[in-house]
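Enquirer: As given, the protein sequences belong to chains A and B, one line each in that order. Following full-length UniProt numbering, the numbering of the first sequence begins with 1 at its first residue and continues without gaps. Following full-length UniProt numbering, the numbering of the second sequence begins with 1 at its first residue and continues without gaps.
Bear in mind the hints are in silico, worked out from the structure with no lab data behind them. Remember, predicted model here, so these are calculated numbers, not experimental data. Here a beta-carbon is modelled for each residue, glycine too, at the ideal position from N, C-alpha and C. Take the hints with a grain of salt, since some may be wrong.
[To be verified] Which stretches of chain A does chain B cover? Using the computed rule of at least three CB atoms under 8 Å from a CB of chain B, they are:
hint, stretch
1, 228–235
2, 241–250
3, 277–283
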Amino acid sequence: MLSETTQSSSRKFCPPLVLGVKRLCLHSLSQVFLSETDLRTIMCPKYDVLGLGASVQSSVFENTTGSAVLPGALQQQPFDSLAEKPQFPGASAEFVDHLEFIQPNVISGIPVYRVMDRQGQIINPSEDPQLPKEMVLNFYQKMTLLNTMDRILYESQRQGRISFYMTNYGEEGTHVGSAAALDPEDLVFGQYREAGVLMFRGFPLDLFMAQCYANVDDLGKGRQMPVHYGSKDLNFVTISSPLATQIPQAAGAAYAIKRENTNRVVICYFGEGAASEGDAHAGFNFAATLECPLIFFCRNNGYAISTPTDEQYRGDGIAARGPGYGMLSIRVDGNDVFAVYNATKEARRRAIAENQPFLIEAMTYRIGHHSTSDDSSAYRSVDEVNYWDKQDHPISRLRHYMTARGWWGEEEERAWRKQSRKLVMEAFERAEKRQKPHPDLLFSDVYLEMPPSLEKQKESMWRHLQQYREHYPLDHYEK
Amino acid sequence: MAAAVRLLLRAGSACNASSVCAPHTSTQRRHAAHFTFQPEPVPSQYGPTQKMNLFQSVTSALDNTLASDPTAVIFGEDVAFGGVFRCTVGLRDKYGKDRVFNTPLCEQGIVGFGIGLAVAGATAIAEIQFADYIFPAFDQIVNEAAKYRYRSGNLFDCGNLTIRAPWGCVGHGALYHSQSPEAFFAHCPGIKIVIPRSPVQAKGLLLSCIIDKNPCIFFEPKILYRAAVEQVPMESYQIPLSQAEVLQEGSDITLLAWGTQVHVMREVAAMAQEKLGVSCEVIDLRTIQPWDIETVCKSVVKTGRLLVSHEAPVTGGFAAEISSTVQEECFLNLEAPITRVCGYDTPFPHIFEPFYIPDKWKCFDAVKRMINY
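Chain A with its partners taken away, still in its complex shape (with noise of 0.2 Å):
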């Protein structure tokens, strides 16, 4: 039986072996020229899991008399004891000599930081960032506004006026709590539900509309379906449909921006169900060993769809994987303002600082449904919509905190309401009498200049129009 020093010597020396497999180990030069009757010999010992010593050697490592043969460089020489730590280059980590699986933890997972209660009350006054009251009420001005906004353009498609609309109702405050903490020069990659981060950085309701209704005011030229604005001016990339595409974006993006040490952070927006894709895991990965200044933040609305998330993960949400990648990471109340803003505003401050990338997960709720072609009420009650809508709404819980600072009451709300209300529907009705763009854009911005394949692709498109123009609606596009 070997001695127990002699045994973790003998598991030192031989690499980890999956149990069973009989491998061919040189422990030293002397080794590689062997006769015949060593090569049968020659094992490596079974990883000793048990540690019950030589007892545990299967009777295959046998030379032909038939006795147990240990490979004599395994013996006795002992390795430095100072150096009894891990050595592998993957990890650093002690050694621990009981089995145990480390249990994810769900049932209680990272918190949730907040900074109002409910009903808008400061719980840690610590904490109250202390906004100004202009700021304040800009806040609650442009998650209404967006609110209106919502409202007419879901209708505008329910009538047929637009093709297709996605609402935000109910993560108004990620939008503008996480848009408030940064510079007007950071660089904004979303998803497709971060609307009131573009209205917060003053986003025209005429080019909202325009990008809808894909008029020829429209920046992104009618190319694109609705809700997918862009904006050079404003540094928001302009959305695409594939999800969590801008993820790794986002951190080739946060990479130049370092380079150019010009205090700019990158933030990008993406849902729960978007991080599930490759490209949310790669993004995170790159953006930690490539040290980039880049604020994810991840709105968790509970559904991807129809998906809840307990369909979408069985780990504790996003926010436990940042860690995984060696990301600084919180989860916050996405319905309350302020803690958003607290979170985004240091993320940035560390970020740029250290250069590094932070994990913001902001916990919300989807009111409205994922689109104008979805009916959430296939998948989930009214009655938890409802609760949401009545009872936690990052809207309802700023105004409390408004209005118990004197801030704001009815007359400033009706007044709002009217004014929001009317600066839409104009805005809309402008919109809806403009023409669409000329029917030349289809073809240009596909290469920086056109190609000649393409240019003769168009003349053959225009020659087809003056032949068939009645059963096209060049009527309602720009000469």
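Dock chain B against the given chain A, drawing on the hints supplied.
Expert: Relative to the frame of chain A, chain B by itself:
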């Protein structure tokens, strides 16, 4: 000891002429290349030249870029130590670890990251270790890179992105180290695809890709990395994209190919001249998308016959697109059907490579049939 040596020899390497070896019946030697690379005349218009093979000409292009463009960065798997094909040797030491760096092993991340760099204004040069592994990045390339400018109404673009990948057969690469995936990307408007035939071409075309304001994929024929050696200009120079090159004028048939296959076609042209008295016009397409329809059609109008050849499988390969366009444009000029000599519709095999590839004998035979049509 002698017995031990015997054991080890039998275990591993090819049999040598030692008397202890039992003779094998016709040992299959690993095949010599299916073409001979002929260096082209030294270019005089781009300044002083240096002897370089293809991977060195790539290094030279990257070196020129990093020197002149402070925003340029090179990244991908294993590029830091020089790359598995040595294309980035020395660049990290010369330009710094923030400019030449390894990424995690994730092609979708490499391309996505590259797109983001480009969108933010940096010159992004991404390396995919083998073209066979580009597919995880297909969504980022097709749905994002190619469409960035169009979908944003030209507010944003990733024109500063160039993706490089080793491409094509190498003698023993089998399914996953031999692919030529240009056809998958040719079907996607918005990206450019470029494939060089030689070191001089590689450097000039790569520099054009890097400077071009559209996302480009640059496929490098790996079999030429060491085998192709030429005098290559040391300074920066550009060879225009979307311009095919007529390497040899002829009157009876047009032979069209790109990358490694151009060298096969040159040999076919020589064989055809010698054995059949047939005068071949040899064209290197160079840019697959957008391709130089005019030069190819002009040639076919003259010769009346077109043979297109590529290693990639014949069905849906890029020769199909060329054939379709040329028959539309040049129908009445054709003396014979357009012929494609390509890989079979199988995955790229290992031991069967000599039978799989569109070698000079298959192409020669096609020329013969077309002349006698």
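Enquirer: The structure should be examined with respect to each hint, and the outcome stated for every one.
Expert: Consistency of the hints with the structure:
no.	hint	verdict
1	228–235	holds (count 4)
2	241–250	holds (count 6)
3	277–283	holds (count 5)
Against the hints set out earlier in the document, no violation occurs for any number.
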